[in-house]
Amino acid sequence: MFYHSLFYDSTYILVIIGAIISAIASWNVNSTFKKYSKVRNSRNITGRQAAEMILQSAGIYDVTIERISGNLTDHYSPNEKVLRLSDSVYNATSVAALGVAAHECGHAIQHQVDYGPLTLRSISVPVARFGSWLSWPLILLGIILGRMPLAELGIILFIGVVLFQLITLPVEFDASKRAIKILDGNGILGGEELTGAKKVLSAAAMTYVAALFTSILQLLRLVLIVQGNGRRRS
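Residue numbers (the working numbering): -3 to 230.
Hints are supplied without guarantee of correctness; some may be wrong.
[To be verified] Think about it this way: if two alpha-carbon atoms lie no more than 25 Å apart in a straight line, the pair counts; the simulated DSS-like pairs of lysine-lysine are: (1) K194 - K177; (2) K173 - K77; (3) K34 - K177; (4) K77 - K177.
Calculated directly from the structure, the hints in this document are not laboratory data. Since this is a predicted model, take the numbers as computed values, not measurements.
Please put together the full structure from these sequences, using the hints given.
Right under this line is the structure:
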């Protein structure tokens, strides 16, 4: 009964829906990035050069720019004050590369101006990691042992993961908004090039929306499973 409830019940459709949404978002961002990776910017500026220009124009001189392996692995680390650009962005002169580089600079600017949601997200990282790591084992043990409070604790921890992803949305959307404004205002990109960068960043933002929606569906499924097992045992 336990394995049937956890893997083969009707709520599994929620997992399938979430997987489809995530797959579509992932395909969209990769295909959009690939498309605009073939479009070189007219100023022949690399992702690193664009990042340097943007940070300097914002009065930020204490952030290090590093290269990191992989594709779309770009990120800004507030704790280290390091902006890492992937292989497909660092030395690339494409419209896509400049859009991504500017987006990460947007996070550095958020950090400089003490943007509230970024601070909250940074504080929430340990909580989200802990919840992601421990929620499933607690739920499984709670169901196996018939200890519903244990399973409910697991659900509470998973709610923390969902809230973290919710907090992430304004951070990412704001960084993209700052990126487009900077690219346009500094004359780095314009016209169709700027439109291409917008499309890349919009596609990337949708992956965060998809991740949140998928987590909400997963949370709903866990609640239904735990409630179902609780009723059967009562």
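Checked hints:
For a cut-off of 25 Å, the pair hint linking K194 to K177 stands: about 10 Å separates their Cα positions. A C-alpha spacing of about 21 Å is found between K173 and K77, which places the hinted pair at or below 25 Å, so the restraint holds. About 23 Å separates the Cα atoms of K34 and K177, which keeps this hinted pair within 25 Å; it holds. This hinted pair checks out: K77 and K177 have alpha carbons roughly 22 Å apart, not beyond 25 Å.
Comparing the model with each numbered hint stated earlier shows that all of them hold.
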